[in-house]
Amino acid sequence: MVRGVLGNFPGHSSLANQLWANIYWHEQSVLGGRQKGHSGNGQLGGFYIGPEPTTDRFVVVMCGPDEKNMSGNTVVVRADLPFSGLTTFGGAFLSKFECSQMPHELLEHISFVDSPGVLSGEKQRTERSYDFTGAISWFAAKCDLILLLFDPHKLNISDEFKRVISSLRVHEDKIHVVLNKADQVDTQQLMRM
1 MVRGVLGNFP
11 GHSSLANQLW
21 ANIYWHEQSV
31 LGGRQKGHSG
41 NGQLGGFYIG
51 PEPTTDRFVV
61 VMCGPDEKNM
71 SGNTVVVRAD
81 LPFSGLTTFG
91 GAFLSKFECS
101 QMPHELLEHI
111 SFVDSPGVLS
121 GEKQRTERSY
131 DFTGAISWFA
141 AKCDLILLLF
151 DPHKLNISDE
161 FKRVISSLRV
171 HEDKIHVVLN
181 KADQVDTQQL
191 MRM
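Using the UniProt record's numbering, you'd call the opening residue of the sequence shown number 1 and step up by one each time.
Do not take every clue at face value.
As the list claims (entries may be wrong) - Pairwise CB distance ranges (calculated):
hint, residue 1, residue 2, range
1, THR187, ASP56, 28 to 36 Å
2, THR187, ASN73, 44 to 52 Å
3, ASP144, LEU179, 30 to 38 Å
4, GLU67, ARG163, 31 to 39 Å
5, LEU145, ARG78, 22 to 30 Å
Unchecked claim - Straight-line distance between alpha carbons at most 30 Å, and here's what the computed DSSO-like set of lysine-lysine pairs gives:
hint, residue 1, residue 2
6, LYS142, LYS96
7, LYS162, LYS174
8, LYS96, LYS181
9, LYS142, LYS174
10, LYS68, LYS142
11, LYS181, LYS142
12, LYS96, LYS68
13, LYS96, LYS162
Think of the hints as simulated: they come from the structure by calculation, not from any bench.
Every value quoted in this text rests on a predicted model; they were computed, and no experiment measured them.
Glycine is no exception: its CB is placed at the ideal position from the N, C-alpha and C atoms.
When you get a sec, could you build the whole thing from the sequences and use the hints?
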């Protein structure tokens, strides 16, 4: 799916093929519902990129001279990184933000931002101690592509996800909707969605 989406961007078809050929994709949300039983292996392209699972934090994966993980507090004060604007979201956000750098040819051309899973029910009112929608909007303004992932088994959209989608309307030209795990439902179920 990602290969197809990237292939639609001028100049990115070779990048998409490289991405598909060189990166081992594991089940990790870019932006979507929290997945119960998620057990991401913390690997990207054979490199360890962070703690597992990472569903409760923002993780930026980008190119760097050495393989390392940095906390949000470290990342925002680094003049060579473009994240100083995130200080406005406070310490609670920064404790849920990290950056993983590694030297990799692919990452010289693209960086990834993995957002936390979107909460539903009571959790969406009690578990966030920072402006989640604001943080999503901050990243959305700076990225070229936004993937909204939906699980075909859980198509209900929480209030938090509605707020996020609404905040992303100004970036609708960047948004692509991905039906994650679509191969796990039959044609008739897909038609109902």
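For each hint, the structure was consulted:
| no. | hint | verdict |
| --- | --- | --- |
| 1 | THR187 - ASP56: 28 to 36 Å | 35 Å, holds |
| 2 | THR187 - ASN73: 44 to 52 Å | 49 Å, holds |
| 3 | ASP144 - LEU179: 30 to 38 Å | 21 Å, violated |
| 4 | GLU67 - ARG163: 31 to 39 Å | 36 Å, holds |
| 5 | LEU145 - ARG78: 22 to 30 Å | 24 Å, holds |
| 6 | LYS142 - LYS96 | 19 Å, holds |
| 7 | LYS162 - LYS174 | 17 Å, holds |
| 8 | LYS96 - LYS181 | 27 Å, holds |
| 9 | LYS142 - LYS174 | 11 Å, holds |
| 10 | LYS68 - LYS142 | 23 Å, holds |
| 11 | LYS181 - LYS142 | 28 Å, holds |
| 12 | LYS96 - LYS68 | 17 Å, holds |
| 13 | LYS96 - LYS162 | 21 Å, holds |
Hint compliance for this structure: hint 3 alone is broken.
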